[in-house]
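Trainee: Line by line, the protein sequences give chains A and B.
Counting in the numbering used here, the first sequence runs from 1 upward without gaps.
Counting in the numbering used here, the second sequence runs from 1 upward without gaps.
Hints may be right or wrong, so weigh each one.
Claimed, not checked - Covered stretches of chain B, going by a simulated chain A footprint (3 or more residues, C-beta under 8 Å):
hint, segment
1, 198-206
2, 235-243
3, 308-315
4, 335-348
5, 470-483
What the hints assert, rightly or not - For lysine-lysine, the following DSSO-like pairs were computed, each having C-alpha atoms within a straight-line distance of at most 27 Å:
hint, chain 1, residue 1, chain 2, residue 2
6, A, K25, B, K417
7, B, K63, A, K25
8, B, K383, A, K41
9, B, K96, B, K8
10, B, K96, B, K41
11, B, K417, A, K41
12, B, K295, B, K63
13, B, K8, B, K63
14, B, K238, B, K287
15, A, K83, B, K287
16, A, K25, A, K41
17, B, K417, B, K41
18, B, K462, B, K287
Said to hold, decoys possible - Some residues of chain A that are not near chain B, with every Cβ distance over 10 Å (derived):
hint, residue
19, R6
20, D8
21, T47
22, D66
It is worth saying that the hints were derived from the structure and are not from the lab.
Each residue gets a CB set at the ideal place from its N, CA and C atoms; glycine is no exception.
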Amino acid sequence: MSEIAREDVDYVAGLAQLELDDATKERLVAELGAVLGYIGKLNELDTSDVEPMMHVLDMTNVFRDDEVRESLPRDQALMNAPKTDNEYFLVPRILDTD
Amino acid sequence: MTTEWHNKTAREIRDAVRDGAATATEVAESYLDRIERVDPKVQAYVDVWRDYALSRAEAVDHKRRKDGALGALAGVPVGLKDVFCTRQGYTTCCSKILDGYRSPFDATVVERLDTADCVFLGKLNMDEFAMGSSTENSAVQPTKNPWDLERVPGGSSGGSAAAVAADACAFSLGSDTGGSIRQPAALSGCVGMKPTYGRVSRYGLVAFASSLDQIGPLTKNTEDLALVMNVICGRDPKDSTSADIPVPDYTAALAGDVSGLTVGLPEEFFADALDDEIRAKVNDAVKTLEEAGAKTVEVSLPHATEYGIATYYIICTAEASANLARFDGVRYGYRAPETHDMRDMYVRTKSQGFGAEVQRRIMLGTYVLSSGYYDAYYLKAQKVRALIRRDFDAAFSQCDVILGPTSPTAAFRIGEKTQDPLQMYLSDIYTISANLAGIPGVSVPCGLTESGLPVGLQLLGKPFGEETLIRAAHAYERNRDFDMGRPPLTQGI
C-alpha cells in the first residue's frame, strides 16, 4: 500500500519551497511512503483521553523586563548577507512588473 | 621528547596547568601535532584553529604567570561540533547552505568554556544540521571510526566522538536531538551525556528540533564528564527554556558508591532487535553494578521503543521544517545565483543548499503539518509523547536509573545504511525516548565486540537527575574488570 502519491510529493514540495527533479520525487514517494507506513503504527494506540505534550518542562510564559538593550550593530547584521547596499538586505524583485 | 599530553584526561591536563607541571601552550602544541598526524585518517575536524588555539593557550599561561587564578578547565583543549555559533572561524552545520557563515556571537556554552580557560582547537564534523546517525550526511566529508576506519563513528556528533576517541581533543561538545551524543559515544568508545532538557542553555546552538535539542559533553571518562557539566550547566537569560534550578557540584558524585541504588531494567530494551554480543556486554555491566551494591528491578516502558521512533520522526521533522525555513538566502548563507524573482530565489536557494536527508526531513515535516494531516500526525505524536513520558515517570517510581544498551548494534560500515533511511532511523531506537521525555541519559563504554568495536551502556535518569547518572556511570567505570584500551589507530602514531 502506498501511503503517499506522486501528487502529494508535488504539493508538499511546493509548500516546502523545494524544486525536486523527477527521479528525486519518485524516490521520495517510496521513502516517505515507507516512513509514513511505519509512523502509522501510532494508530494502534487509543489516545482519546491523553493531553498532547507540547513541551517537556513545567513552565509557561517566561517574562523579562521590557528594557531597551543594545542590539547587533548594523555592519555585523549585514556581514553575512549575500547582497546588501550596506544599509539594507537586497533581494530580487517581489512583483513581476515587466 | 615532551610529554604526550593528548593521552591525558581533561582533569590531568587542568591539574598540570594549574600546578605548573605543564604550560597550556605545550599541551595545545601536543594536541595540534596529534591532529596533524591522525586527522587525515579520521577526518573529525572540518576546521582546525591552530593560531587561535596557541593564542588562547598563551593567554592562559599569561594569566597563570600574573595571578595564578585559573578556570575549572584551564588549558584543556576542546573541540566543538560545527553546530555551535562561534565568532572564531565558521559555523556551517556542515551544510552547503551555511558555507562561509561567520557568527557575530558565541553560543553560551562556548562563552562558558572560554571563561573556564579552555583552549579551542576547532570545529568538528557532523551530519548536516545534526540530521543523521552516521555523520555520512555531512556536506564536507565522512568521518571514520578510529576503532575501524571502514566504519562510521555514529552520528550526528560523529566528529565530536571520533576526535575524543582518537585523542584529537581532550573532550568535545555535541548536541543530542534523538541520540546524537550518546549513539556516537557508544560507537566510538567514549563517554557522552545528554543532559535534561533545560539543563544547558541552547543559545547559539543552531536549531534542529527545538523541543528535543540539548547540548552535552563527550569525554574520555566520567570524571571529565562531571568537570565539564559543572561548567556548561545552568540558567541563561538568553534561553528562556533553560531551567532556573541550581547546578550541583557534579564531581561530588564521583564517590564510586552505588549501594542503595536501584537500577531499572526495561524488558523492551533487551528485546529481539538487540544484537547478541551487545546484549552480553550490557548484561555483564548489570552484574558489575550488582556486585558493587546496586539492586536491580524489572521495569516496563511499553511505548518507548515500540512507538518512540514513529513519534520522534513526526515531531522532529515538523519542528525542523519550521526551523529551517529561515535559510532563505536573504540575511545569511548561500543564495542561488541568477534568480528572476523572490519565490524563485527561495526555491533554488533551498533546493541547491540543503542536502538529500535535510530535504527528506523538510518534506516529511511539511507533510505532517499540512492542512488535513495535522491532527492525524502531529497532534497524535504529541499525545504519544505524553504516554512515553508517563512510562518513564512510572518506571522511576520503582528505580533511580534505567539501564540498557545505547545502540542496537556496534559501528556499522560506511555506506551500509545510506540507501535505507528507515534502517538508519532505527539505530536510535534506545536513545530517542529520552529526548521525547526530556530526561537525561549517558552512554559509557562497556566493552568491545569480538571484532574489536566498542559497545555502549546507556543509563537514563530522572529529570535533573544528572548527579545520580554520573554516580552510577562512574561506579560502573571504576568497578568494571577490564580496560577499554585505545583504538588501534592510536597505537604507533
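Trainee: Does each hint hold? Answer for all of them.
Mentor: Hints, verified against the model:
1. 198-206: violated (count 1)
2. 235-243: holds (count 4)
3. 308-315: With 5 residues in contact (Cβ-Cβ under 8 Å with chain A), the coverage given for the segment 308-315 of chain B holds.
4. 335-348: With 11 residues close enough to chain A, the hint holds.
5. 470-483: violated (count 0)
6. A:K25 <-> B:K417: Satisfied, since the Cα-Cα distance of roughly 20 Å is no more than 27 Å.
7. B:K63 <-> A:K25: violated, 58 Å
8. B:K383 <-> A:K41: Holds, at roughly 14 Å.
9. B:K96 <-> B:K8: At roughly 35 Å apart (the allowed maximum being 27 Å), K8 of chain B and K96 of chain B break the hint.
10. B:K96 <-> B:K41: holds, 23 Å
11. B:K417 <-> A:K41: Distance ~22 Å between K417 of chain B and K41 of chain A Cα, so the pair holds.
12. B:K295 <-> B:K63: Not OK: K295 of chain B and K63 of chain B at ~48 Å, beyond 27 Å, violated.
13. B:K8 <-> B:K63: It holds: about 22 Å lies between the C-alpha atoms, which stays within 27 Å.
14. B:K238 <-> B:K287: violated, 44 Å
15. A:K83 <-> B:K287: violated, 62 Å
16. A:K25 <-> A:K41: Holds, because 25 Å separates the two Cα atoms, which is no more than 27 Å.
17. B:K417 <-> B:K41: Cα-Cα ~22 Å, so holds.
18. B:K462 <-> B:K287: holds, 22 Å
19. R6: Consistent with the label, R6 of chain A stays out of reach of chain B, its closest Cβ about 13 Å off (over 10 Å).
20. D8: violated, 7 Å
21. T47: It is violated; T47 of chain A is separated from chain B by about 4 Å at its closest Cβ, not greater than 10 Å.
22. D66: holds, 14 Å
Going down the numbered hints, you'll see the structure goes against 1, 5, 7, 9, 12, 14, 15, 20, 21, while the others check out.
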